Structures are given as structure tokens and as C-alpha cells.
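**Student:** Read off the chains here:
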Amino acid sequence: MNKTKQTYYPLEEALIEEYGKKAAAWTEDELPGISKLRHEAMREFRKTGFPGNKLEKWRSTDMEPVYQEPLSVFTDEITYDKKIDEIFQCDVHGFQARVLSLLNGSYYGPEESQLTVSPEGVIAGSLLAAQREYPELVEQFYGKAKTAVADGFKSANKAMARDGVFIYVPDGVEVKDTFQLIKILNKKGLMVHTRNLIVLGKNTKLTFLHCDDSVNHHEGFINTLSEVFIGENSELELYKLQNLNDETALVNQTVVHQAANSRLKVNVMTLNGGLVRNEIVDQMDGEGAWSDINGLFLIDKEQHVDNQVYVYHNVPHCESNQLFKGVLDEQSLGVFNGFVYVAPDAQKTNAFQQSSNILLSRDAHIDTMPQLEIYADDVKCSHGATVGQLDSDALFYLMQRGISFEDARMLLMYAFADEVLGQISIEPLRVNIEDMVKRRLRGELSICDRCVLHCSHPDKPIEFDIDLSKI
Amino acid sequence: MLLNIKDLHVSIGDKEIIKGFNLSVNKGEVHAIMGPNGTGKSTLAAAITGREGYDITKGEIFFKDELINDWEPDKRASEGIFLSFQYPIEIPGVSMTNFMRTALNAQREYHNLPPIAAGEFLKKMEEKKKLVDIQSKLTNRSVNEGFSGGEKKKNEIFQMAMLEPSLAILDETDSGLDIDALKVVAKGVNQLKSEDNAFVIITHYQRLLDYIVPDFVHVMYDGRIVKSGGKGLAVELESSGYEWIKEQFGA
Amino acid sequence: MTDEKNEKQVLHEVTSGEYKYGFFTNIEADQAPKGLSEDIIRFISAKKNEPEWLLEFRLKAYRHWLTIEEPDWALLHHPPIDYQDIIYYSAPKKKKELSSLDEVDPELLDTFNKLGISLEEQKHLAGVAVDAVVDSVSVKTTFQDTLKKHDIIFCSFSEAVQDHPDLVKKYLGSVVPYTDNYFAALNSAVFTDGSFCFIPKGVRCPIELSTYFRINAANTGQFERTLIVAEEGGYVSYLEGCTAPMRDENQLHAAIVELIALDNAEIKYSTVQNWYPGDKNGKGGIYNFVTKRGLCKGNSSKISWTQVETGSAITWKYPSCILLGDNSVGEFYSVAVTNNFQQADTGTKMQHLGKNTRSTIISKGISAGQSNNSYRGMVRVGKRAENARNFSQCDSLLLGDKCGAHTFPYIKTNNPTAIVEHEATTSKISDDQLFYCQQRGIDMEKSIGLIVNGYAKDVLNKLPMEFAVEAQKLLAITLEGSVG
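Residue numbers (our numbering), protein chains in the order written: chain A, 1 to 471; chain B, 1001 to 1251; chain C, 2001 to 2484.
Hints listed in this document are in silico derivations from the structure and should not be mistaken for laboratory results. From a predicted model like this one, the values you see are computed outputs, not experimental measurements. The beta carbon of each residue, even a glycine, is placed where N, CA and C say it ideally should be.
With the Cβ distance kept under 7 Å, some of the chain C side facing chain B (calculated, not the full set):
id	residue
1	Q2438
2	Q2439
3	G2441
4	I2442
5	D2443
Next comes chain A alone, as it looks inside the complex:
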């Protein structure tokens, strides 16, 4: 682990080279503290490179083929020249949302909306812009979140990420609109790094929807890390919706710190994606904190979804729940690694963990590891994991009532997924996502369904891209 790497993969080389080219220029418009973290992280990255599957936490997810791909590490800034909805039409609609966009790693929006402040003082926009406007606020939180396991993706992110989304909710403000982050790549062969910082003061409330989507069939690689701080008595609902093409790899890391009596709800829904790795770390730092972390993945073809959840009960009187469900078809591979840690003296902890999975094909594969590490005695902790198939009695029952095998199977899969879907508290969002899941189960929901390229419609434009020569 600590051995310094001798040889690098092409992607690692490209990353180190890009850093060499850009790092000096970056120092001009970013906080010195961030430049310093960047420098340290790069030194770390040179030592380790990207994680290989010899590492315990990467045993089931081998990313080495991705490191071999001819991707370019992209850090250029993007000029705003057309509305986001001309590039991408979101499937989730019908509810009030304040949209924030990241295109190819940069904050994407007109000049005047790089960073906005609402009448109540809610700041939202580009992280890079926030460094200029609110340096002390950014400095106070940036790079402070405690990750679970160090690896090359975290150091690469720290070294390379220039921009991302910044949200700050001041004490006492309950934000009514849902914030929606749309993150897309629309150029071929990019690897991008983005970093988000979300800070909730005391007695606040925020709903945040984090969407990763593809608009074309190009291969791409997104390495993103979000730092989230929830203040006392505050509540965050975090939805992650992932619907990427089969060629895109996504490493999505989220670290949340919870102060006393705060509430966190996370729902991760992976409907499509070539290789998706979600890492969610929940640091319960204040007594009375509560969290509910749920996930659902529906995958087929050669898709690979890896959910890693770490919940740290650092103090007494907290409660956490984890529920992850997977439906795996064809040659897909699913991984669930759930970890609950109860610190010495973190008495009166309640922690529950459940991983349930359905395998639909001979070639699908699931690895699940629900883990408990407990150092206090007055606790209630339990976990369960199941792997199985649809209930054949139920299937027969439905068919006996005249429902076709395919429909019966779909009904049961939907019923299986519904336990997670039911946790979505925003009604229109739930209806939307339920609809997406239904379509996904019918095999209708793929990138082609709403892709702007419209390959299947020759009358529509074939290529849609940003002209980089204008930058």
C-alpha cells in the first residue's frame, strides 16, 4: 500500500501531466488553502495511483480496464452558450426545482447566475465562484470531511477538481424548492473531476437531487466527491439518480457530517450505468442524529454497480438504517458493502442494515458484505442479507389469475423495488422515479429513449456538441 508506484497507467500519466500543466495557473483564482491541499493530494496520488483490485475495498470492483482507456483528463473551463435544457432534458419534472448544472466538470450557467443569493440568504452556484465571493465560508469546510478509506480517487479528486456546486443554507432557513444538480458529459472520452460542498446551518432543511446522466453513447469517467455538513436540528434529503450510458464510469463519493439531532435521508437509485461506484460516508458526530440510507439498483448487460456505505456512530443515542436492494439481470455485477461502526461509549446506538438482492440470470453476480464493528455494549444492531429470486409461489399465483409470465415477473420486481421507492418523500419525484423504474423494468428506459442525438430518428440532428474552438 505504501510502496511508491513504479509505473503508471495511461490515465494516471495523463492526470499527472494535466496537473503539471495547470496547477500553477489555478493558484491565481483559488484559495491558497485549496492549492495547498491540491499539492499534497497530488503527492499522495503519485504514490498510490488509482486503486487496484488488490485493495480490500476494491476486491469486487476492478477498474483497471478503465485506466487503460484512451481518456483525456479534462479540466478546461466551459463557456455558457446555450441553455442546459437544450443539451439535456431531464426525465424528472413536475415539481419545483432550482437547477444547477455541471457540464464536463465545470459549473454551467450564464454569467449572472454563477452564484446566487436568495432573499433568505441561501447561497447556491459554482464552487469556484464561491471561493471568490465567500472565501472564509469555503475555507471553513473545504477538505474537512472525514472519508472512510483513503484511495487514489479521493486524492485525484482533491488534486484535480476545480469546480462543482456550492450550497449554503444559513441558520433557521427551510428551503422550499428542491435543488437539482444535473451533471453531464457531452464530449467524447473525458475524465472529469468535480467537487461539491453543501453546508446546512442550524435548524434548516434542504432537499437535494443529484442526477448523473448521459446525453450520448461516448465513454467517459466522472470522479466526484461531495462534502456535506448538516447543522444541529437540520434535515437533508439527498437523492441520487444515476442513469448513465453503458460506457460511462462514475465514482461518486459523498461524506456527510451530522451534528446533534440532525436527520439525513439518502436514496441512491441506479437505473443504468457502465460502472458505478457509490461511496457514502455518514459521520454521526452529534447525539440524537438519525439517518436513513437507502439504495436501489436495476442493472443488466455488463453493468456494474458497487454501493459502499459507511456509517460511523461516533457518539451515543444515534440511529441509522440502511436498506439496499438490487435486481440483476444478464451479465451484470452488483456489490454492496455496508459498514456500521459503533465507537467505544457510543451507547444506546440503534443500527440496522439490510441488503436484499434478486438474481434474474445465470450470468448475473452479486457480492454483498454487510458488516458490523461494535465497541459499545448497550446497543441494538442487526443486519441481514439475502440473495434469491422472485417468489415462485407468487409468480404462479399471478399467472393463475391470467397474468402473463413477463407481466407477473415485472409486477413482482416492481413490488420488490417499491420498498425503497416508497421512502421518497417528495410526491412528484416519487411518481417520476416510480415511472422510470417501471419503464426500466419494461426495458424501455435506456439512453436512447430521450437522448438528444435521436439516432433512431434521422430527421432530428445527429450531432450536438459545443464548439470548443470558441473557448
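With chain A fixed as given, assemble chains B and C onto it according to the hints.
**Tutor:** The following block gives chains B and C in isolation, referenced to the frame of chain A:
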């Protein structure tokens, strides 16, 4: 005097439940403690038996003229205080036979007696089982595990018969019992009653007292005794209910 | 019932003092110099008059061992082990060939008597054949006559090498190859003795076979090797028990057990492990790194592991089953108790390869003092394992707020017809149960002993009678002083 409680105050956490309770029980007596729910009847039982978390903030409990406020629960039990639990606990994997044998021998050891011989123990088990109509198979099962409500209560009386306490506290032993089981329990108690022991029967209803006739009836309300009388008081309560007490003694 | 008698004894012993098996037998040892090298391996092999192929096996293992590193994934912490500071061979000097118990070293017999496993008594009362291992070399095997009648081979590993070389050659390393892991490689290089058992076709072994292991001479690592083969339709129940004398220095123990069950054969392997756990301050104790694996090679074969782990400063042990034959069955029942500064990382691996294979895992961990107790398991369902079924229940009980209880199950499923279920709970001993017992006059420590034994009952019930008794005692003894 067997049991003498003087100005007892008991708190759970910061909340005072028993607020100046007095009671004297002599050998050969049966006392019934009645009262509406939430007046501290079960807390009283816990305090007498020494349960953790029930803090005696003031007052004294004397048992056989010794102050027992600070005694461990097992010492109180070995000295002869028995509690028939309102909700008997299940202990998976521990057979009734082993449990009883362990308990009986612990008591004997406390009194510097040698452990009971296996044959004698089994004979005693058989004899006491008959007393409460316990089927043989129950004693081969784990303590209270999978027992019905009635079986659990009968099992409590069976244990009482085995351990032969000088003071038995029956905490809501009648709750959840059908009339047949109630009769069995009462029969068991009546047979165990003697000049050398005493019973404190905690109950919400009068019906158990039709079968176990008390010498004294005490009405408890808000952590203390508000009225005492003979067995007639129980009948009176049955017809008039507890409302009048709440009206008369409620804050 | 004897059960009651046992209960009484258990309770009596809860109250009696320190580690009762802590005495030291002064038997003259014939030992190798400290350290490990190819020369030492040649010395061991020559000493045991081994054939060339076995020496080659050892050397290959040693050379492989040199290229690999000690595993670090377990939740265990110990100072680095100096493999050059260990004596790899030590044997009681053989005076002459022994044909009856009278000829056994009287001091050794005395040792067994102190342990309560006197050979005479065993022979007369228990109907158990005992192959006793002291410091790596078998001293005495009894009941050979009974076994001979059924054509069962039960002897020390060294004897098997001399008398049944073809069988040993055929099966040695076939379930646990020397490349398997660091400690397996080490054992394969330096193992000195152990037990060998062969149950021929259609034979049900009429008696329970038992071996008592015992570490004796100072600084002597113990590297046994056990190989049990049950041919078609064969059945054997094998008991392994351990007690070790009290020692200040840490002692390394790295054994290998290989089981092979052919069509319709069944092997039941039970262990009560009570090596010296170190003192109350965590000083001393055995480091126990064991590789145990059974291969259900034949159709409808069955391998069942039952273990009660109460000893050792460090336990690293995962008795596993490879369910290769169709309809084969694997079972793992475990109780692991840790107190003071003990550390246990134990569990199982169930590899479902054949069709309709079934496995059951019941694990009960009990942690007290400042100890750490981890369950680590893997259930793997291969592509061809149609209708494979696994059920796992892993519970942890915590006594005190300074100890740790951890659960690391790993499920890998590659077949859509498989059903795998895992459940685990962690909780502390119930105050309500404790009070109920105390209200019946049973003191705190006895109450805990009673409740813990009840908690472990599902596993203890799987042990043969004689072992269940000892196991119950050990649970209570191990938890002595765990409540303040």
C-alpha cells in the same frame, strides 16, 4: 414482623413514583394491594426485590427486622423474598429443570446447606408440578420460552412452591388468565399458605381475591396507601370502581 | 440426569480460581535448534524417517512461504512474530515401542490425569479411542483392536506416512494446498505430527475418535496436521480438544486439518479449544492460526464443523466446506468466547459448487472484558450450483462496555436459483433476564453463566455428550470475573 416498610420513596430516574409508602406484614397474613393503573404497584414490588434502576430516595424496608435497602436482589431472594413477575422473562436455551436446580442450590448454599441430591430434587419437582397442574414437558423446555400466558403464570407459582419463600409478592398474577387457570393459581397459593409465610397480592381486579381471601386490603393511589380495610373493601371497589378515589385523592 | 450433574459442576467451577490447566510437565525433549531453514526442514524430515516425496513437499512449501507475507486483513493486533525464534521440532524421547498403557511415561499419564482425560478411564468408561499428542508426537493410541475389526485406520500422522504412504500421498494437501495461505505454507513445511484417519467404504465408525492436543516444551510452536478421509458411505465423528499449560511467552500454533468425504460419506468434526488465553492483563497466551477445510467430494456427502473456542490470546480460524458433490451438505456451528484481552477472528467459508448443495452457519460470539470477537464468513455460490441454499445466523453478545463484537459476512452469488440468507444481531446481556435469575436467588456471575450457556445452547447441542459437558464448563470459566 416479616416485612416493615416505613415512609418509602422510590424514583425511576428523576421521577418519583412511590411517595411515602407504609406497610407492615406479619407471618400468616395475606395482604392485597389494589389500585388503578400507574399508581406504583409494580414499582413497589421492584423496590422490595431490589431491582436496579429503582432508587430508594427516602425511607426503609425491613425484612425479618433487617434493613435490606442496599441488598443485592439474589440475597433478598435467598433470604426468602419471592416475586411472581407480571411479565415472566424468557431465557432461551436454559431448561426449567436446570434453572430451578441452580436457584434451589444457590439458596441452599446461602444457608450453608449442601446441594440437593438429584433424586430428591426430581421428586420435589414432580410433587410441586402437580400442585399447579404443570405438564411434565414444560419443565424440559427453556425458561418461559414459548409458554402461553397462563403457563407462564402457573410456572411462577410452581417456582414459588419449589423455593418456599417466607414472603411472596404476586404482581398482577391474575392478569391475562382465564377462569380455569386463575383457579389453578389460587389453589396453588392456598396450599402454600401457612403460619410461617405471608403473601402480598398486587392486583387491579377483585376476582383473584374471590379465591385467595385476603386478611387486609390496601388501596394504593399516587404512590401511597390511601385506604385500608378488610376483604370487604375489595368487594366495594369492584362495584364502585376507582373513580371516587381519583376524585377524592387526585391532585 | 447427568446433565444436571454437569450443570452443578459448571457452577462450582465458575467460582473456582484461575486457569486450572496451568501446570507444566517435565518431559525430556529431543528438540531442534531455534529457527527455520531448509536444513531444519531436512532435519525434521530425517528425524521422522520420511520418504523423499514428503521432504520435497515440505521444501516446496517452505520456498513458497518465503515469497508471501503474513495476512493482515483480520481484526487482530499482535506484535510481529519472529519465526526464527521458534523451535520447530520437539519430541518426547521414545524409550521403546509401547504396546500397553503401562508402558507410557508415568509422568505423561499423570498429565492426562490432571486434565481429567486419563487414558485408562477413557478406555474403560467413555468408549472413546484417544490418540494423544504431546509436543507434536503421538505417544499412544488406544482402541486399535476395535478399529482394526472395521478396517478403520486411526493413527498418528507419522505412522501413517510409514504404514500408509499411498493414502497420505494421495490426499495430503488436496484440500489445503501449501499455497493456500501463509500459515498453511508454514505448517506444510514444518509439521511434525498429527492424526490420520481413514474410514473405508461403507463403514460407520462405532466409536467417537478423539485427540487431545497439548503444547508443552517452552518456545515450541505446534504444527499439527490432521487428515481424515471417509470413503463412500463412511461415517466418523472426530473430537479435538485442547488444553495448554500456562506460559509467559506467546506461543505459535498453526495447524492444518483436511477432511475428505466421498459419496454419501459423513464427517463430524468437533473442537473444544482451550489454549492458554494469556493472563488478565493480556500477557502471554497462544497465537492460534489454523486452517481447517473439508471437501465434500462425493454426491450427498456431509461435513459438519462444531467448535467451542474459549482459549488462545489470538484465534484466526475459519473451518470451511467445499461443497463439490451434488446434494452435499456443509455445517458450521460455533461458539467463540473472549475475555480480558483475547482476540478472536473466526468464522467459515461455504463454497457451493455442486447442485442442490446446502449449508447452515450458526455462530454465537460472546465478548467480555476488553476483548474483541469477530465473525468473518463467506458464502460463495458458483455458477453451476443450482438450487444452492445457505442460511446463516450470527449473533453477538456483549458483556461489558470495553469489548468489541464484529460481524463480517461476505456473500458472493453467481447463480439465479440460489437462496442465501444471512441474519445477525448484536446486543448486550438482558437486564430483565439477569434480574429474573437474581430474583430466584442466583448471584450475578452464576446468572450470567446460565444465560450465556442458554444463548449458546443451539451450538452446544451439536457437540457429542462428553464434549458438551466440558464446553459448558469452559464457557463459565472463561467468563469468570467479566462482571465488576
